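J.: Residues per chain, in single letters:
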Amino acid sequence: MHYPMNTMIQNQETEKLLRETFTKNRDTIERFSADLMNRRRKEALEHFMQEGIPGRKTESYKYTDMPGLFSPLLHMNLQPNHVHMDVKEIFQCDVPELDTHIIFLVNGFLPPNSTPLEELEGKVLVGSLAEAARRHPELLEKHYDRYTSLNPEGLVSLNTAFAQDGLFLYIPDGTKLERPIQVVNMSVWEDNLMIQQRNLFILGKNSAASLIICDHTLAPWRFLNNAVTEIFLDEQARFDLSRVQNENNSSQHISHTFARQETASTMTSNTITLHGGLVRNNFYALLNGEHAENNTYGLYLSDRNQHIDNFSFIDHAAPNCTSNQLFKGVLDDQATGAFTGRIRVRQDAQKTMAYQSNNNILLTDEARINTKPQLEIYADDVKCSHGATVGQLDPAALFYLRSRGINYREARLMLMYAFAHDIISHIAVPPLRERIGDLVDKRLRGELSRCNACHINCGKLNY
Amino acid sequence: MLSIQNLHVSIEGKPILKGISLEVKPGEIHAIMGPNGSGKSTLATVLAGRDLFEVTEGKITYMGKDLTEMAPEDRAREGIFLGFQYPVEIPGVSIVNFMKTAVNEQRKYRGKEPLSASDFLKFMREKKDLVEFDSQLTNRSVNEGFSGGEKKKNEIFQMAMLNPRLSILDETDSGLDIDALRIVARGVNKLRSKDNATIVITHYQRLLDYIIPDYVHVLYDGKIVRSSGKELAMELEEKGYDWIRQEYAGNGR
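Line by line, the protein sequences give chains P and D. Under our numbering, read the first sequence as residues 1 to 463, first letter to last. Under our numbering, read the second sequence as residues 464 to 716, first letter to last.
Take every hint as true, because none was put in to throw you off.
Calculated pairs, EDC-like style, for lysine to aspartate or glutamate (alpha carbon to alpha carbon, straight line, at most 20 Å): (1) Lys563(D) to Asp441(P); (2) Lys176(P) to Glu293(P); (3) Lys16(P) to Glu46(P); (4) Lys372(P) to Glu59(P); (5) Lys571(D) to Glu541(D); (6) Lys383(P) to Glu290(P); (7) Lys614(D) to Asp394(P); (8) Lys571(D) to Asp537(D); (9) Lys614(D) to Asp642(D); (10) Lys657(D) to Glu486(D); (11) Lys571(D) to Glu410(P); (12) Lys57(P) to Glu13(P); (13) Lys563(D) to Glu434(P); (14) Lys563(D) to Asp438(P); (15) Lys563(D) to Glu410(P); (16) Lys123(P) to Asp173(P); (17) Lys693(D) to Glu491(D); (18) Lys614(D) to Glu595(D); (19) Lys442(P) to Asp303(P); (20) Lys442(P) to Glu410(P); (21) Lys575(D) to Glu410(P).
In case anyone wonders, no lab produced these hints; they're calculated from the structure. All values reported here derive from a predicted model rather than from experimental measurement.
Working from the sequences, and respecting the hints, build out all of it.
T.: Following this line, the structure appears as structure tokens:
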């Protein structure tokens with residue numbers, strides 16, 4: 001990709017176009033959403049116009065072309081009832097035989113034929129964010145659009161301006177959900193499409209839950225998803241979030257995940273990027289109470305012209321908190337990637353332990369990775385470390401495996417799998433760990449469904 | 464079984480082996496001794512097929528086949544086993560998975576069905592007992608965090624699993640205490656048969672008290688300068704390697 005000199009001008013054009021789209025469609029946007037979400041739109045749009053889409057001059061977007069994603073501007077479906085299909089019939093999950101409570105979202109909306117908001121054991125609520133906003137305004141009033149302040153950039157505000165629906169999860173105080181919840185996000189349309197999904201997960205005091213999110217594209221078009229997820233963990237809450245990103249090679253996915261953690265809460269997220277044209281994941285965590293723990297792990301496997309950029313920002317605002325960041329990647333062919341890991345330890349956050357590591361294997365001379373740690377430490381009694389490696393498969397290990405009769409291809413796969421295993425081993429739910437392990441193995445073997453050769457029969461869809 | 468004729472080997476243009484000839488027959492144990500830097504490990508690694516080294520002259524024939532162009536995995540499937548001087552740590556690959564893959568690939572090469580999971584575990588248990596390999600270790604990643612002795616025992620365990628025709632043990636004794644050395648030697652002796660052969664590479668005579676060689680060769684400056692029976696090892700132990708240096712320095716250059 002190359003960038004014309006007048007990127008800035010085009011940029012402003014894009015932003016004007018987005019404002020026009022908003023103004024023209026505001027009634028529709030608001031009709032298919034909820035009052036509480038609508039109230040934030042105008043201010044968010046103004047903020048977006050002021051900040052704009054971050055360009056390469058923005059430090060944290062140096063290696064990924066954001067303005068390019070919005071030009072030309074893609075169509076947005078602002079009416080949710082546009083896809084009619086029996087998702088259960090057409091969707092064959094790559095994580096089979098897993099005992100989960102499963103929920104499907106199509107282009108960021110709960111499909112019309114599903115229960116909009118379900119109540120599970122222990123008064124757990126799960127379903128549509130818009131529906132939750134209508135039925136439980138007190139919850140949204142307290143938590144919606146409250147945790148994005150770590151990122152003053154425009155794309156989050158763009159989402160707030162346009163977002164109409166997404167996943168809502170509420171775990172009341174003291175409830176420990178035994179069965180994981182699995183969310184399958186599907187992008188499907190007859191043409192290119194922009195999606196602004198918005199998720200909100202609220203975990204009450206001393207609650208616990210596991211959530212698995214799978215991102216899929218069910219059509220070969222360009223899908224641009226600019227998704228925002230806010231997560232609130234009250235005191236002693238435990239949350240395990242596993243995310244499998246498996247989208248077609250034209251798709252572009254920007255995800256912004258914000259976690260706010262209160263005292264002694266623990267959040268672990270594993271983001272496994274298997275396929276995608278361009279993926280940018282932003283992870284933000286605010287450790288707001290003592291003894292909170294945040295573990296942010298990521299694995300990215302990319303080939304051909306895929307581009308994967310992970311950005312994390314862990315903000316230690318309270319003493320005695322722990323954070324671990326581990327991101328690992330294998331890049332093949334001409335794939336490119338970036339990692340930026342930021343840790344901020346505020347002045348009062350004594351006894352912080354914050355660790356960060358990013359390890360990469362480049363399988364070809366053309367694959368590229370840019371990796372950068374950013375540590376800002378304002379407290380004096382802390383333990384912090386960071387490290388980054390970029391290398392090839394260890395030739396000595398390769399020879400060792402081959403010298404036992406294992407062929408070259410298999411030996412390479414074993415080493416790549418072993419490298420990836422480090423991340424997989426952090427997945428808390430054992431069957432899920434096994435399944436994701438299988439998926440990663442399949443991916444490394446090149447056997448995992450790509451969009452145009454998968455078992456999902458896109459021809460069955462009716463628009 | 465193995466016939467090496469006038470073997471010359473270089474690494475990055477620098478000659479290491481300068482004309483080695485060696486014949487190994489089934490049932491035999493050969494010891495190769497020599498001072499550091501004489502080319503012992505290079506010889507072992509070249510036989511196993513590491514592509515760091517370039518064979519510039521000479522021939523290696525194994526079971527009637529030319530070895531020099533054969534991939535390392537094919538050599539292994541044909542029955543060659545290298546016990547590494549420095550076994551590699553491979554985090555994330557369990558020994559069970561490693562050995563299951565290796566055993567089944569070798570079975571496939573010989574036209575046999577892969578072992579079922581339960582048959583494999585049974586087979587592995589037998590071999591672990593045979594070579595006194597700690598049963599907890601097989602669930603761990605290959606050599607990761609192993610002590611020097613555990614690593615070497617793991618090499619012998621792998622040898623037992625793969626049942627090679629020709630084993631080349633590269634300084635298997637280095638870094639071992641006397642108990643570990645005994646266990647390793649016992650393993651090698653148990654695996655010995657009239658159909659297989661072993662090349663033991665060692666710096667010290669100590670190992671040869673436990674694994675009795677039929678022949679001892681002294682390697683110096685890339686050449687075998689002396690070959691004899693097991694008494695040669697005693698002589699080396701007594702006199703050290705200095706006399707070889709004195710006797711052969713200059714001749715080889």
